[in-house]
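Engineer: Chain by chain, the residues run as shown.
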Amino acid sequence: MYARLLSNRYLTSRLIPLIAIGAVALCVAMVVTVVSVMTGFLDLLRGAGRSIVGDVIVSSGIGGMPHYDELIARIDALPECHKATPVIDTFGLLRMPYPRGPEKEIVTTQVWAIEPLSFAEVTEYADNLYWRRPVDDAARAAMQPDDPRLDINPAWLQDGFTLVESATGRPGVAIGMHVSVANERQSDGSYRPRYGWSMPGRDVTLTLVPVSSRGKIAEPREEAFPIVNEVQSGVYEVDKNRIFAPLAVVQRMLRMDRAPLYDITADPGPDGQLPVIGETPARVTKILARAKPGVTPAALRDAIERTYREFSLEVDANRSLTTKMPQIVSVLTWEQQLRDLIAPVQKEREMMRILFSLIYIVCAGLILSIFWAIVIEKTRDIGILRSVGASRRGILWIFLRYGLVIGIFGSAIGVALAWLIVTRINDIHSAIGSDAPAAVWIGTYALAAGALCGVVWQAVRGRLLPLLLWTLATLIFMVAGTGLLFHRGTLIWDPSVYYFSRIPSQVDWWTAGLTVIGAVVFSVIGAAIPAARAADTDPVEALRYG
Amino acid sequence: MGDRPRILEARNVHKTYRFGAVPVEVLRGADLSVHAGEWVAILGSSGSGKSTLLHLLGGLDRPDRGRGEILWRGESISIAPGRRIDRYRNRDVGFVFQFYHLLPELDTLDNVLLPTMVGRWMRPDPAPARSLLESFGLAHRLHHRPAQLSGGERQRAAIARALVRGPQVLLADEPTGNLDAVTGGSILDLLAERHRSGLTIVMVTHDAQVAARADRIVQLRDGQVQA
Ligand SMILES: Nc1ncnc2c1ncn2[C@@H]1O[C@H](COP(=O)(O)OP(=O)(O)OP(=O)(O)O)[C@@H](O)[C@H]1O
Ligand SMILES: [Mg+2]
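Just so you know, the protein sequences line up as chains A and B, in that order.
Every letter in the first sequence is one number past the one before it in my numbering, and letter 226, counting from 1, is 226.
My numbering runs 1000 ahead of the 1-based position in the second sequence.
Derived DEER-like restraints, expressed as beta-carbon distance ranges:
1) B:ASP1207 x A:GLU377: 31 to 39 Å
2) B:TRP1121 x A:GLU377: 21 to 29 Å
3) B:GLY1047 x A:GLY462: 43 to 51 Å
4) B:SER1131 x A:LEU469: 41 to 49 Å
5) B:MET1122 x A:ILE517: 28 to 36 Å
6) B:MET1122 x A:TRP509: 32 to 40 Å
Facing chain B, from chain A, some residues (calculated, C-beta under 8 Å):
7) ARG9
8) TYR10
9) ARG386
In short, the hints are calculated from the structure, not lab data.
Here a beta-carbon is modelled for each residue, glycine too, at the ideal position from N, C-alpha and C.
Start from the sequences, fold in the hints, and give me the full structure.
Structural biologist: See below:
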């Protein structure tokens, strides 16, 4: 009982333990914040990876895979597979509707030609369509009053989903959210089209370059499409480059559709045509597949790899089919596909964990030196306690408990601090990203002026230590105020450098738990050495002391 | 006194301090028998080893190995395990020091309660400590810190602390050494009153007038106790 009483009193009767608590809190907050953001980043990367490409990707060369509909039917029939969908992945030039005048901006884009219905079952394409009306009053209330989504054409969502402009019946394209430079991101994550340059409904011209399976480039094809919607996957690199177009249209433009096969060695017939000797089948360059719930991407990949091998052997054996399956295809899980992206982040996170573990040692050292001083200061108390019958273990416990309390309080405050920072990190970031509001620096100067009054008052009273502290406070506020005055917004998390357009803002509770345990353990270790010294103190010596 | 049992004894006790390489033999075969209910004063000049002897009697320290022992009701506490000695200090004897030795962070009441907190998880019943302090005239000082008390008040609080667990023997090391004659006198009156109700007291002093309040005076000279 005395141990509890005394360790609490030693804790509350002086300032130094508060410094120790503050140090532990800062260490914990730092570790939890940094690792949480990195974990969030990894999770985003993984989540986005799956939501963009599905679980397994079968890719062939630029010549594409023929007979893909049969292959997809086989993959669909696999017990591991929920759905498979064909895609052509190619590059194209997009002539944007802006600016005004004849000179339009032209951007290079990655074109994904899709069959939207099955594609939406493999990826989260439908959920990523940005322009949609709020589904209910709650969603409506969550939006800013000037959010254009409150009042848009309700057909846009359906058009985006089918890639057909319902008003005209024309095939359309859905473009990535950041393809158009007109979309301006707001701090709440929503978008406002700049100068009224709202994309849906406008026409763009898409230019594609057909490449034969022998690598020959044919005449580029150009076609105008209405933009039916915009797509936000959350991965900036994707949203900046990718557009979605209907598969059939792109196949036709790239000459990857079904076509008669002519005998070019024969003479033209009486109508001037070469004789038809067969048919080239339609082709795609990718097949994406999603696993059934509970099936790992790796299991699905293995099944698809087997299926492809069997299928390609069958095609080879079937003499009536003139076009063979490509021999070189890659079958990868989304994780393998994005490995170059994920692995470095994972390594960095481990590095951070290890580096920050060193901070604990600093914390333990700090607690050790503070406690050492306290034990020496309290030597006489130790003698007194022994003289009334306290055991050595009791004395040990006073200081161990003291360390425990500092560790627990410090890390609790640290986790709270980290939570505050992480959950508000996007606000903090945008605050740093913009100039400091005048009120803030004026307020800081006001505080400096207040502290200056304190300096004058203490100078009159003639006390040196308070004078020094007030002077320091004045200087700190002055410097901070001046810093804020001249602060010009700098974007740290520039979406063109990082993949995601928002900083992850979820506390990684697993890491937080580990960090708290670490901080408590190291605090106790730091306290153990002075505590052992206290327990070893000879009571007679201690009583003579002071 | 001969009919009373010997409660606390020092037998041929030696105590040597090492001052650097030079051994200083402070006690050289000291013998002392304290009978139950007795008030013994140990008189001696400064540096004669009075405090040393008292610390040995109270189990705060041990005699030189194999050279003498301290007996509590016939049981040697010089060779007892640490736990037993902790218990001995907690229950059987109470210490009073010249410089009060109260804990500065605790108020008077908690200081007095300290021995009853040892070995317990819950806060002990404050009633005995409170009534003890009231009988010592400190009822209005229960929640003052030691720094806010006068010397006499502090010493009374220290005596209350020594007595709160109802020990049989009080070990007092110059309890009036730091007080003026009047205050010191009142402290001695307080001890005398406790003595009348049966408390055994071993008191160390270098002041013959103070020693005169005791039943018996022994001299500590050349590391030995002389009647
Ligand atoms: N830890 C120690 N190391 C070395 N010498 C010590 C130690 N403790 C006590 N002494 C010496 O032992 C001698 C006796 O000390 P002690 O405190 O018992 O004397 P005392 O009779 O109580 O004196 P006073 O009346 O001044 O309190 C002194 O000479 C002292 O210097
Ligand atoms: Mg002394």
